[in-house]
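First to last, the protein sequences are chains A and B.
The first sequence: position 301 = 301 (the numbering used here), numbered continuously.
The second sequence: position 226 = 226 (the numbering used here), numbered continuously.
Possibly wrong hints are sitting among the right ones.
Simulated restraints, written as ranges between beta carbons of each label pair [what the hints assert, rightly or not]:
#1 A:249 <-> B:71: 56 to 62 Å
#2 B:189 <-> A:249: 44 to 50 Å
#3 B:152 <-> A:120: 39 to 45 Å
#4 A:142 <-> B:148: 53 to 59 Å
Bear in mind the hints are in silico, worked out from the structure with no lab data behind them.
Even glycine gets a Cβ: it sits at the ideal position worked out from N, Cα and C.
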Amino acid sequence: MSIRAVSIFGSCTLLWATMHQPSSQARRFVFVSNELSHDVSVIDATTNTVVATIPVGGRARGIHVSPDGSRVYVATSDDKPQTESSADAIVIVDVATRKVVARYHAGSDPEQFAVVPDGSRLYASNEDGGTATAIDLKTGKHVATLVVGIEPEGVATSPDGRWIYVTSETSNSLSLIDARTNTVVGNLLVDLRPRAVAFTPDGAHAFVTAEVGGTLTLVDTKTRDIVNSVPIEGGEGKPVGVAVSPDGRRVYVASGRTGTLSVIDAATMKTMTKVAVGKRPWGVTISREGRYVYTANGLSNDVTVVDATTNRVVATIKVGQRPWGVAVAGR
Amino acid sequence: MTRAVSDDSLVILGARLAAEEASHGAALFGAGPVELTVGPVDQVLGRNVIAVLATEASMDGCLHLADLAGEHGALFMNATCTDDALRGDKCRISTFHVAPSNSMLSDAIDDARQHAGAPKPQGAVATAWDASLERFGADTLNNRFRARFTASMTGEAWCAWFAVKVLGEASLRARSVEARPIAAYLRGVTAQFDGHKGRPLSFRAWDNQLRQPLYVIATSGARRLIIESPLATHASVTSRDVLDQIGTKAASTTCRFAP
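Based on the provided sequences and hints, a complete structural model is requested.
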C-alpha cells in the first residue's frame, strides 16, 4: 500500500510539472530601457534574472510593449538634443527573437510615448521640439505633428484609444489630444514639472505626477477638470512614474528623490503605504493581472519587484546603466 | 538705464527665450503672447508694461529702475543686482529679486568651505546658474538656450529667463495681464515655480527674494559643479526650510514694505 501511495504522489508531481511548464510564448518578460548603456535588459519574470541585453543604439528612455505582446517599442535619442539624428528613433524589438527589427524616425529627441490599444499608432513626445508626433506603426509614417507645451514628456492613451494626454514640463501643461481627428482639443494648467500621466481602466480619470510640485493630480476626463491634487511624501518626494492597477483601485507612484514607491488608494488619493525601492526610481509598471509592480531605478542600476498583495520587495535585479523605463510582456 | 543696450546682453537673451516659451505656453490657453521690448528705459516704460528688467548690475541703476517702474504701476524684476540693501532698507514691494543676494552668495561659498573642509575653495564662484549644470532638467534648459543663441546660459541669463517665465506663468494662473494681480500672485503663500533646479522656488514674504538653490562652480580648468547650496539635509525638511538656510532670514530683515 505504501509503495502504491508514493507512486501516485510521484505521478501527480510529474503532471503538475508538465502542466505548469510554461511555453516561451506565454512566459512573462520584463523589458528595461537603459539610458546610459544604450540598451534594453530582458528579465525573465519567473526567475527574476536578466536573460538578455539588446543594444538599441541610443539613449533608451520610453518603453512599451505592443498590445499583442509581440513587440517592444523603445524611444531612443542621441546625446545631442536639438539636432535630429538617426539615433532619434522608435526602435522596434521582436519579443520572440529579441532582435531589433525596425527603426522608425520619430522627430527630434523622442522621450515618452503611448501605443494605442489596437496597436496601429503611437504618440511620442519630442522633448526639445514642443510637439508630439503620431506615427503609423505599420509604415513608420508620421500621421500628425501636434503642438503641445515646452519640453513635452509624459504620454498616455485612454483605454479606448480615443484620447492622448501629453504633459509638458516647462509649460506645466497637460495637452488633451483627440486621436480621431489628431487635434489638441484642450490644455490644462497642472502642477510644476508634470512628468507622467496614467488613465484609470474605465477611462473616466487620469492621474498626473508633478515632479517639482511634489503632487499627484486627478483629472476628470469627461469634464476635463482637475478634481483633486494631493502631495506625495509631504510634497518632497519628486514623483515621476505613475501606474494604475488593472482593477483601478490602486495608484503606484515612483518618487525619485526619496527612492520610494507610494501605494495610493485611487478613490481617496490617500497614501496607504510606502515601499523603499532602489535609488531614483522613475519608470513604473504593473504586470497584467496586477500582482507585481516593477520600478526602474536610475541611480542604483536595478529594477525592484514589489508584490502588490503584500507591498513587499520580492526581488532586486541588476540591469544596465541608468535604467529609465520598464514594460511587461506576457501574462 | 538710459544707455543703449547691446543685443548680445545675456540678460536680454534669457528674457527673450522665456518670452518665446511663455508665449508658446500662453497660446495653449488662448492667451496673448508675452511681448519683450528692448531699449532705453524712457522708451520701454510706457503704458501696459507689466514689468521691467535691468541689463546692468549697479545698485543705483537697479534702485532707479525699481522706483521708475513703481511710479508707472509696473513691477521691477531684478535679475542682475545682488546688493543686500535692495532687499533691506531700500526694498520695494513692487520689486522681485530673482538675482541671489550677496548674503546668499557668501553663504553658498561658506557651504563649499564646510563641504571641502578647507579654509577657502580655490578658483570657485557662487552663482544662480551655470552652463555645466545637468540635473533636474538643467541640461534641457542649457541645451535650449545654446541651440537658440549659440551661447552659454549664465547666472544672469537664467535670472532673466526665470523672471520672465514666472511673469508669464503668474499671468496664466492669476488670469490677468495687469501688474497688481500678478504681483499678488507672486507674493501668494502657495505660489511656487519650477526653475529647473529640482525644488519648487518661491518668493520670501519678508523681502521678495527668490528662494533658490545656488551653485558653487569650479572655474579653474573645466567648469564643474562643486556643491549645491544649501547643502542637502534629510528629506523630511521642506524645500522652503532648506532654501531659507541661505541669505537673510525673516528675523533679521531690515525690509519694511511701504503699505
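Each hint tested on the structure:
1. A:249 <-> B:71: 56 to 62 Å: 59 Å, holds
2. B:189 <-> A:249: 44 to 50 Å: 34 Å, violated
3. B:152 <-> A:120: 39 to 45 Å: Between residue 152 of chain B and residue 120 of chain A, where Cβ atoms are some 44 Å apart, the hint holds.
4. A:142 <-> B:148: 53 to 59 Å: 24 Å, violated
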